[in-house]
Amino acid sequence: MNGSNQEDTHRTVERVARESYGRLVAYLSSHTRDVASAEDALSNALVAALTAWPRDGVPQNPEAWLLTTARHSLIDHMRHQQVALASEPTLLLLREESTEMTLSPEFPDERLKLLFVCAHPAIDPGMHTPLMLQTVLGLDAVRIAHAFLISPKTMGQRLVRAKTKIRDGGIQFEVPPERELPQRLDAVLEAIYAAFGIGWDGMAGVDQRGRDLAEEAIWLARVLLQLMPSEAEVRGLLALMLHCEARRQARRAPDKRYVPLSEQDAQQWSLPLIQEAEGHLAEAASRGRTGRFQLEAAIQSVHAERTHNSRTEWSAIVLFYEQLIRISPTLGTQTGHAAAVGEAKGPEAGLAVLDGLDLGVVSQYQPYWAVRAHLLQRLGRPSEARDAYDRAIGLAEDPAVKEFLLERRG
Amino acid sequence: MQFALLIYHSPEEFAMRKNDYNDPHLGAWRAYYKALVEAGVYVGANALEVPETGTTVRLREGKRSVQDGPFAETKEQLAGFIILELPSVDAALEWAARCPGASIGAVEVRPLAPEAMRRGFTG
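These protein sequences, in sequence, are chains A and B. So that you can map any letter, position 28 of the first sequence is 28 in this note's numbering, and since no number is skipped, the others follow by simple counting. So that you can map any letter, position 45 of the second sequence is 45 in this note's numbering, and since no number is skipped, the others follow by simple counting.
Bound-form chain B, shown alone (with noise of 0.2 Å):
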């Protein structure tokens, strides 16, 4: 079963990153990262640009809507996922807790759609 751990900040959390490989704050994700793979619970992750980079697009009754930055102006944002490969929420949970972004920010865990939803969407 994959789930995806939803990895949230606020913005002092954004404003510590320096995008600079050598950030020492990024020693604790390095080793996080490591512990999922050699536990052989990895399937994927990305990190995502600070939230004032995006923009947010929606079609009403044919009208185009362009606004700038993050779909919801919550003051947590979503700053990044990863997805495991686990045999129960549980312990979804447990490498939530594990996450370095759950004592800095919050980390929500939720599994992906079932697979046959997903390969309709995939074709």
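Bound conformation, chain A alone (with noise of 0.2 Å):
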């Protein structure tokens, strides 16, 4: 077999497993619940198929191969285990089903409740990204520590810890009833919104966590999105994020400097994305249920009218930021909701909201601090201003944007 043969295989095998991981494992795992054996057994399967595919060929249903590969391996598995008697049932189960798959590929697409089950209220908050990212994208510990800012060690622990809760814990695998759907649904939201990343774009206030996961958090929406097409939040979310990402090129300038919104060439916004997340939100206005994230998408859609006009229509994102405060108050918001007052009606009204806050809350949340700086500085208050952009800068974690800002503070 020739070298270039091995080479497609193999990134069929890559193809392949990016597009079915979640699929395999949340089937692997739903009668189980045990997410940590089912990724095992898909591994196992996946490394079986390196060798396997250069030899015979790439089967016609590679998934539906992958999944008999690894009920197989998860058989072996349990039979090593020596749980023989706990499990039986699910042992014939699986080899029952194991019979069928020859037969026909299809089989029931459980991400949904993988995702509901990897942000479960008994499951840490902190936990359900990188259970997300895991479990149903199949990144490795080491790539999410990276981006959570937490050793790869402790990770993993943290991930093993959490998937012995789900399978011991009694989590079950489904779609929450009605009565608990909203805030159900919400904790995925916020758990994929999380792996996004961007917290707030505005006075080089900006959020690294998780920054390089945006394609990633893009990615589960639209797993979401097809799997619960009726709910508005879920378009919101998809909308603000494409909203986001649409900038991304105009947020650094050729030689890498840090571009602030407000000074980005909108022409380099990828039209597109903007173009596909009105579409969305537009979808999402049409069912009539408001929330928080097709709020922060509407003000993100403000701000795209600079594509075709040249200015920003600040008193209309006031009015987002105030509707989006009674439903989320968060530091993010009330600090977005005080630049944009700094827009609409002048810096000293911008200031008076950001005084309204809580100042033991603000000590280590650098946009309040990048967008005091910014509004000092507008009102000819230089001292101040620059003890403000310092607290930016040193809560500051982007190079960019320090440098950006200790340019500003002069």
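These are computed hints drawn from the structure, not numbers from a lab. In this text, a Cβ means the ideal position worked out from N, Cα and C, and glycines have one as well. Be careful, since some hints might not be right.
As the list claims (entries may be wrong) - Straight line, CA to CA, 27 Å or less: simulated DSS-like cross-link-like pairs of lysine-lysine:
| hint | chain 1 | residue 1 | chain 2 | residue 2 |
| --- | --- | --- | --- | --- |
| 1 | B | Lys18 | B | Lys75 |
| 2 | A | Lys113 | A | Lys165 |
| 3 | B | Lys34 | A | Lys153 |
| 4 | B | Lys34 | B | Lys18 |
| 5 | A | Lys256 | B | Lys18 |
To be verified - Okay, the calculated beta carbon distance ranges per label pair:
| hint | chain 1 | residue 1 | chain 2 | residue 2 | range |
| --- | --- | --- | --- | --- | --- |
| 6 | B | Gly123 | A | Leu359 | 48 to 56 Å |
| 7 | A | Glu305 | B | Pro114 | 51 to 59 Å |
| 8 | B | Gly40 | A | Gln226 | 42 to 50 Å |
| 9 | B | Thr74 | A | Ala349 | 51 to 59 Å |
| 10 | B | Met117 | A | Gln226 | 54 to 62 Å |
To be verified - Computed, partial: chain A to chain B, Cβ under 10 Å:
| hint | residue |
| --- | --- |
| 11 | Arg23 |
| 12 | Leu149 |
| 13 | Ile150 |
| 14 | Ser151 |
| 15 | Thr154 |
| 16 | Ala253 |
| 17 | Ser363 |
| 18 | Gln366 |
| 19 | Asp387 |
| 20 | Tyr389 |
| 21 | Arg391 |
| 22 | Glu397 |
| 23 | Pro399 |
Could you use the hints to bring the two separately framed chains together as a complex?
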């Protein structure tokens, strides 16, 4: 067999793994609730594919092949574990389905249940996103650890603990009942948004967490939308992320310098992404159930008007922030509101909003200090502005943002 | 809980030092220091002279050995340290990422030894 064929097969395995990972893990673990064993079984199947496919050719239904192979591996594993008595029904079930499998490549998509399991209230909220990234997308613990600024060893241990809790803690693989749905769905959306990580990209206030996972977050939101097409907030979240993603190129100058939103060249924004975002937002609005993510997307939508209209309708943004604060009065929302008020009604009014926030809470919140510095500078209070700039610079992580703020500070 | 942020520089970074208060390079460090103090997590800090100024002493079987330069000949050398009072290693890593030293060299986060051991050491 020649090298390029092997390379092709390698790429096919990678592609199938990427597209099918979550579907396979979700299905393999939905009966046993044992996510870790399902992942191990799937890794074994992927390794087997790397040997078998170049030799025998890529099977007609690669996903079904992986599922069958993974399931055999899972049955072997359970036999070795000597859990015969307790798991006999599961083993039987797996075996039965295994024979069916060879006849029909169709199997139910259980990813929605898996997403709800990952963001279950019994699981530490800090682990919702890492669990999703690993079990639904197949990202390894090291990459997740980098994005979440946690030591790889600790991240690995936390993931194992969370999976043990899923297996042993009576967490059901189910779509929550209607009355629990809004709250449970919110946790899923939060977790996806946390992977996206751009909290707010106004006055050089940038939340770095998970920034290189933006594409993965959009992928997750697309999966969720496919599974819950009538949920307005799912579309709201996707629209919000697409709007921010549309500006990725414009956020950095050719020499890698940071460019704040207000100075970005709107012609550099991705029109197809903006149009897609607008489509989802309109569809969400037609359902008549507003929510946090739709409002945040609406704010970004106002900014996006700069592609065909050079000015920003700040008063509209202020109104959206006022609604947003009623639903979700987070520090990020309040800071964004202050910045918008500063643009719509002048720096004095913006500063008054900032002064209303609890000083204890903002001491480590970088965007607050970036906005404060900007407003003080506009008010011609240089020494206070320099102080606030220092706080914003000291709390910033991105060297380009630090550089930008140092320049502004003067 | 106290953590040390150990800041490592490459030779090029040491060479950039001007030992001058008005060095613009220091602006980001001053801002970082201010943020640490204002956040109420700062315990202490200091910078070290360049590694070539170090002298390393060992006693082996009663014999003195004195070596010019730092303890280990590695590319990146200890340049300074900051001690912080923080609730968790997660918080310490967050501050390490904000440290100007992280984007030009490396910052190691290490917990200080338990209080009991430190008391035994200082008497």
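Quick rundown of the hints versus the structure:
Restraint check: the Cα-Cα separation between Lys18 of chain B and Lys75 of chain B comes to about 20 Å, which is no more than 27 Å; the hinted pair holds. For the hint linking Lys113 of chain A to Lys165 of chain A, the alpha-carbon distance of about 16 Å falls within 27 Å, and the restraint holds. With a C-alpha separation of about 32 Å, the suggested pairing of Lys34 of chain B with Lys153 of chain A is violated against the 27 Å cut-off. Between Lys34 of chain B and Lys18 of chain B the CA atoms are separated by roughly 21 Å; this keeps the pair inside 27 Å, and the hint holds.
The suggested pairing of Lys256 of chain A with Lys18 of chain B holds, with an alpha-carbon distance near 26 Å, which does not exceed 27 Å. Range check, Gly123 of chain B to Leu359 of chain A: Cβ separation about 40 Å, and the 48 to 56 Å hint is violated. For Glu305 of chain A paired with Pro114 of chain B, a C-beta distance near 58 Å keeps the hint of 51 to 59 Å intact. For the pair Gly40 of chain B and Gln226 of chain A, the supplied restraint of 42 to 50 Å holds, since their beta-carbon distance comes to about 47 Å.
Look at Thr74 of chain B against Ala349 of chain A: about 54 Å separates their beta carbons, and that is inside 51 to 59 Å. For the pair Met117 of chain B and Gln226 of chain A, the supplied restraint of 54 to 62 Å holds, since their beta-carbon distance comes to about 56 Å. Here the hint on Arg23 of chain A is broken, as its CB sits about 32 Å from the closest CB of chain B, past 10 Å. Using the Cβ-Cβ criterion of 10 Å, the hint placing Leu149 of chain A at the interface with chain B is satisfied: the shortest such distance is roughly 5 Å.
Evaluation of the Ile150 of chain A hint against chain B yields a held restraint, the C-beta minimum of about 7 Å falling below 10 Å. Interface hint at Ser151 of chain A: satisfied, since its Cβ lies 8 Å from the closest Cβ of chain B, which is below the 10 Å cut-off. The beta carbon of Thr154 of chain A is positioned within 10 Å of a beta carbon in chain B (closest approach about 8 Å), and the interface hint is therefore held. A least Cβ separation of about 18 Å between Ala253 of chain A and chain B goes past the 10 Å threshold, and the interface hint is therefore violated.
Given the 10 Å rule on beta carbons, the hint for Ser363 of chain A holds: about 5 Å separates it from the nearest Cβ of chain B. Hint status for Gln366 of chain A relative to chain B: holds, with the closest Cβ pair at about 8 Å, below 10 Å. For Asp387 of chain A, the interface hint holds, the least distance from its beta-carbon to any beta-carbon of chain B being 8 Å, beneath 10 Å. The restraint placing Tyr389 of chain A at the interface with chain B holds, with a minimum CB-CB distance near 7 Å, inside the 10 Å limit.
About 5 Å separates the beta-carbon of Arg391 of chain A from the nearest beta-carbon of chain B, less than 10 Å, and the hint is met. For Glu397 of chain A, the shortest C-beta to C-beta distance to chain B is roughly 5 Å, which falls under 10 Å, so the interface hint holds. Because the beta carbon of Pro399 of chain A sits about 4 Å from the nearest beta carbon in chain B, less than 10 Å, this interface hint is met.
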